[in-house]
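*Asks:* Here is how the chains run, residue by residue.
2 protein chains.
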Amino acid sequence: MNLSTQRDNEKPKVRIRDDFWDGYMELVRDTVIPYQWDALNDRIADAAPSYAIQNFRIAAGLAEGEFGGMVFQDSDVAKWLEAVGYSLAGHPDPELEKTADGVIELIAAAQRSDGYLNTYFTLKEPGKEWTNLQEAHELYCAGHMMEAAVAYYEGTGKRRLLEVMCKFADYIDSVFGPEPGKLHGYDGHQEIELALVKLYRVTAEERYLRLSRFFIDARGEKPSFFVEEWERRGRFSHWTQKVTALPDLAYFQAHEPVREQSVAVGHAVRAVYMYAAMADLARLTGDQSLLEACRRLWRNTTARQMYITGGIGSTHHGEAFSFDYDLPNDTVYAETCASIGLMFFASRMLQLEPKSEYADVLERALYNNVIGSMSQDGKHYFYVNPLEVWPEASEKNPGRHHVKAVRQKWFGCSCCPPNVARLLCSLNDYIYTASPETNTVYAHLFIGSESSFELAGGSVKMKQVSGLPWEGKVRFEVTPAASGSEFTLALRIPDWCAGKAGLTVNGSPAPYDIEQGYALIKRQWSEGDVVVWELELQAQLIAARPEIRANAGKAAIQRGPLVYCLEQADNGSPLAAVSIVREAELGTRYEAGLLGGAVIVEGEGQIEDEAVWEADDAPYLPLSSTRQTRSVHLTAVPYYLWGNRGQGEMTVWIRTAAGKKE
Amino acid sequence: MNLSTQRDNEKPKVRIRDDFWDGYMELVRDTVIPYQWDALNDRIADAAPSYAIQNFRIAAGLAEGEFGGMVFQDSDVAKWLEAVGYSLAGHPDPELEKTADGVIELIAAAQRSDGYLNTYFTLKEPGKEWTNLQEAHELYCAGHMMEAAVAYYEGTGKRRLLEVMCKFADYIDSVFGPEPGKLHGYDGHQEIELALVKLYRVTAEERYLRLSRFFIDARGEKPSFFVEEWERRGRFSHWTQKVTALPDLAYFQAHEPVREQSVAVGHAVRAVYMYAAMADLARLTGDQSLLEACRRLWRNTTARQMYITGGIGSTHHGEAFSFDYDLPNDTVYAETCASIGLMFFASRMLQLEPKSEYADVLERALYNNVIGSMSQDGKHYFYVNPLEVWPEASEKNPGRHHVKAVRQKWFGCSCCPPNVARLLCSLNDYIYTASPETNTVYAHLFIGSESSFELAGGSVKMKQVSGLPWEGKVRFEVTPAASGSEFTLALRIPDWCAGKAGLTVNGSPAPYDIEQGYALIKRQWSEGDVVVWELELQAQLIAARPEIRANAGKAAIQRGPLVYCLEQADNGSPLAAVSIVREAELGTRYEAGLLGGAVIVEGEGQIEDEAVWEADDAPYLPLSSTRQTRSVHLTAVPYYLWGNRGQGEMTVWIRTAAGKKE
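Protein chains in written order, with my numbering: chain A, 1 to 662; chain B, 1 to 662.
No lab work stands behind these hints, which were simulated from the structure alone. Incorrect hints may have been included.
Claimed, not checked - Below are the DSSO-like pairs computed for lysine-lysine, each with C-alpha atoms no more than 30 Å apart in a straight line:
#	chain 1	residue 1	chain 2	residue 2
1	A	Lys128	B	Lys242
2	A	Lys242	B	Lys167
3	A	Lys242	B	Lys396
4	B	Lys128	B	Lys167
Please model the complete structure; the sequences and the hints are all you need to start from.
*Replies:* Shown next as structure tokens:
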């Protein structure tokens with residue numbers, strides 16, 4: 001084994017210091033991580049037990065009992081450890097580190113001598129390892145624990161979990177691969193592919209990279225591994241405990257070789273985790289056909305199957321993509337984990353090729369679907385992130401049961417909350433990329449932070465101060481190690497500012513070249529150089545393509561990266577009776593008292609006059625007798641804050657109306 | 001047993017002779033009944049076998065084999081016989097009658113000596129009779145066969161099947177009832193309740209009426225029969241063949257005593273079949289609390305849970321009602337059978353109390369949801385009748401799989417097609433009611449026909465000639481048996497003519513009194529008296545209440561009883577991009593070439609200009625850059641004709657826009 005830290009230098013060192021984001025970091029540190037620790041240990045009253053830690057205790061021989069929870073329960077421990085690793089990197093906490101070290105020893109003790117590690121199979125189905133890759137999440141759990149190992153190693157310098165997982169990776173490498181006698185299979189839930197790339201990054205062990213590529217290459221080849229495996233296990237399903245039909249290969253993105261895929265299909269989280277790994281591999285191996293597939297899948301996902309909030313997955317059946325332009329707002333899925341996975345994919349595409357569209361989507365998902373999933377107390381979550389909610393329908397129409405009108409308590413077994421935790425704890429990794437080849441620092445996100453970069457011309461420190469999402473002024477203070485060293489600072493021109501971005505360098509307006517959506521500032525930098533990037537932050541109405549039928553005749557409100565919504569609390573019910581005047585000015589106002597403070601958007605609306613309907617209980621009447629509208633004042637709040645003021649209707653897309661001239 | 005025909009006199013004798021409806025009668029006679037006969041005998045190539053006739057042959061000892069099909073397969077034979085009975089009444093056919101007589105002998109031979117009759121239990125679970133009323137449809141099948149017996153007796157005068165079913169009814173009466181030692185249960189699918197009332201009507205056997213009332217009275221009482229039965233059968237389910245959870249009593253409308261029910265819940269067909277029986281019993285027993293419950297349930301169903309097409313049932317989960325004002329157009333259920341059941345309920349309410357609102361709904365369901373379910377060839381059917389269709393979504397979004405974009409072949413086991421057949425064959429029964437007490441003939445539907453009525457003042461013949469649904473002129477020719485005899489002719493003032501209904505009697509304009517939505521013409525009638533009822537038939541835009549969120553900002557087109565829709569074939573795709581100008585005149589034009597001839601409606605519309613979107617693949621752009629509309633000509637066709645010109649988008653509700661002034 002060849003553990004190395006040298007490749008670590010590729011990653012900029014970034015620490016967030018930001019008025020908007022510091023609160024989230026603290027929430028994760030002070031609330032989410034401790035709360036999840038309690039959950040993993042079955043200490044949350046009135047929540048279903050997790051069993052996750054107990055499973056490891058039993059597998060380690062420290063306790064007696066039976067395996068509990070889902071077949072992928074181990075991954076909850078992994079995600080927690082990963083979040084802890086990120087957290088400790090920026091915010092040392094000896095107490096937390098001690099707890100985590102203890103968990104890692106437990107994991108090490110649960111590992112088999114040959115390296116195998118999975119409490120479900122160790123405790124419940126020993127001997128059945130690798131017989132149901134389609135359903136049993138073995139490599140998925142391994143992948144999450146590898147991610148945890150890398151994060152913990154990078155956060156603390158401690159190699160214990162990394163060694164455990166390298167041993168497991170070596171074992172997996174002995175079982176899977178293209179060679180005769182090995183299993184030519186892959187997991188039903190992609191995850192290990194991107195994890196092995198991370199393991200390769202910190203260990204430089206090329207076998208891990210090759211193994212990741214093997215999993216990607218094998219997927220979708222004919223004859224289908226999943227079909228053959230299904231036959232081998234007597235067509236029996238773990239989930240239904242019955243003989244089942246032929247697996248739906250598209251659900252697992254195993255319907256065709258990944259290089260031939262052009263359309264996002266199947267389970268959305270599986271899809272984007274896979275795309276992220278494909279982008280990693282395209283970058284690290286220079287595989288052009290993989291790059292082309294990534295570009296096609298990116299385009300399809302983001303131009304045809306993405307909600308304006310950065311949500312993906314239009315149906316709860318299989319938590320899946322449906323098809324191009326099918327983006328229903330009310331029966332939506334838009335799982336939190338899927339948007340997080342979309343961020344993974346976007347950030348890898350940025351590493352591949354810095355184009356602002358990747359960062360635009362990354363930012364869109366982050367500021368809307370992802371942070372909107374968490375309540376302000378950090379203890380309640382949306383798994384499904386709807387763009388239109390009618391609470392009574394969520395309760396009484398079974399086709400909408402999956403759409404919750406209020407955030408749910410974080411139950412023992414759950415994917416989204418720990419995913420939010422690990423994402424927020426590692427948000428610093430998404431702000432910049434640095435390219436030693438082109439001697440350029442790309443600023444993708446405008447989040448206050450202190451950073452250092454290793455470039456061809458030496459190291460550079462940079463401080464970013466950002467007013468986002470409330471104000472559009474972003475300030476960069478550059479401190480090169482050596483005065484006069486040259487490099488390019490590339491500032492993203494966000495899609496939402498319509499090119500209205502002003503630049504000053506040391507107080508003087510500066511023209512700039514634009515490349516792939518970035519303003520390039522190439523100069524010799526001196527200590528104290530200040531770049532100010534002024535982005536127009538104007539609330540505006542956004543329309544959707546006509547092919548997106550659900551949004552016909554409607555508009556959404558967006559201001560900067562934030563999508564807004566109407567809530568019943570501000571605008572009454574039924575919300576659908578309200579329309580927004582297309583030509584009217586949208587006003588903005590900072591409301592310090594609103595859920596931690598937020599800019600609200602105000603507009604002129606119209607509402608159908610209800611008088612005629614009150615006189616009659618008829619459901620339908622001639623339009624001519626009912627068409628009376630009156631003006632109303634509309635108040636929109638950021639989407640990420642919806643559902644924090646009790647239960648009520650919400651809508652992102654608002655009917656539009658002509659104004660007074662009508 | 002006391003078979004009697006004297007009560008038959010209550011029913012007016014009506015024979016349809018109508019340009020619009022004759023075609024449907026012929027279709028049912030010449031195509032649907034023979035086609036169904038082939039289906040019942042497993043002679044339809046590439047359709048799943050029905051087994052229905054074969055089951056009776058096996059049970060009768062004439063063939064060997066096993067029971068096939070659903071537990072309620074017998075009811076398909078019953079519905080066919082019922083339709084045949086109605087058909088023979090108006091259109092003798094010795095060949096068909098011979099075939100039906102043969103089936104009846106088969107049924108008689110399959111009857112147990114104690115009267116019990118059900119091929120599923122006789123062949124497959126003998127000894128298990130009456131042990132799973134919740135699921136096994138025994139009384140449901142019995143009810144349908146009773147309806148068949150009554151129809152066949154009334155259509156042919158032959159009592160064979162009537163005697164068979166009276167024997168079964170007597171047996172059921174010995175098993176069920178309030179007395180100690182009897183089963184205090186009721187069926188999971190209401191049907192026998194209304195069938196027993198029919199049996200009572202032709203036999204005057206009050207035990208049948210009492211038994212019907214017992215089933216209605218027992219339903220929903222606590223402790224719940226279904227819960228106790230579920231415990232007795234070890235909580236085992238016929239359908240899943242597994243132990244299942246507590247039955248959802250609301251699904252069966254058994255959650256509370258029927259007299260306490262105010263909101264339509266659960267499986268829509270079950271609900272309206274029950275409401276129909278409740279209305280029958282309220283009329284025949286003078287039960288005021290039952291009448292009040294009928295009125296409440298009518299109001300809730302039709303004012304809060306009914307589509308503009310007369311469809312009911314907002315969700316395919318349980319084919320059920322959801323809740324007030326939840327009427328999604330795209331994930332709709334609106335099962336054909338449920339609208340037919342709504343017509344049953346409406347016609348019984350009309351017998352109880354002649355109010356035009358009952359006939360308005362009856363007509364709405366008939367002209368839209370019901371006849372729209374059948375293709376023009378009589379061999380393809382919609383079970384689900386959507387108000388908005390996007391064929392690709394029906395195929396690729398699992399939440400819409402139940403919504404078919406084209407009518408489906410009539411498969412062996414199916415409820416809706418035979419229900420349409422028996423409804424259309426008995427449509428003559430829905431046109432009039434005659435009240436000997438008030439000496440009044442009510443004309444509820446305007447369908448050309450020849451009729452005779454028995455009134456206090458003697459018998460009256462009446463010929464109706466109607467231009468509906470294309471023209472609003474309706475002509476009545478009255479021929480009393482004795483010249484000068486007095487009675488009242490009450491003509492319905494349809495909700496769609498907004499009171500614009502002109503009356504002439506023998507060519508002279510005549511004023512009229514209005515009572516409960518009927519124009520009353522009380523006079524002494526002479527042979528050849530002619531009443532002309534001129535109803536304004538104007539195409540108009542209809543709005544929905546603001547509480548019906550799915551239709552916010554939209555309008556439907558209605559002309560007379562017909563609801564219209566836009567189809568892709570006439571208006572392109574995506575249909576959602578089109579809006580209709582609110583103030584513009586709607587034109588009408590008779591198109592002889594359109595699917596047998598129909599009046600189409602034309603209007604002025606707007607469409608979003610797609611140029612800006614074609615230049616870019618962005619899913620979302622600022623509204624200000626995209627908001628260009630151009631005028632389009634819109635063509636709407638009657639809803640009942642949709643989906644007959646290939647597969648395409650369809651919508652009933654159309655976005656509205658302000659006109660040129662904008």
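*Asks:* Please go over all the hints and tell whether each is borne out by the structure.
*Replies:* So, going through the hints one by one against the coordinates:
1. A:Lys128 to B:Lys242: 27 Å, holds
2. A:Lys242 to B:Lys167: 45 Å, violated
3. A:Lys242 to B:Lys396: 26 Å, holds
4. B:Lys128 to B:Lys167: 20 Å, holds
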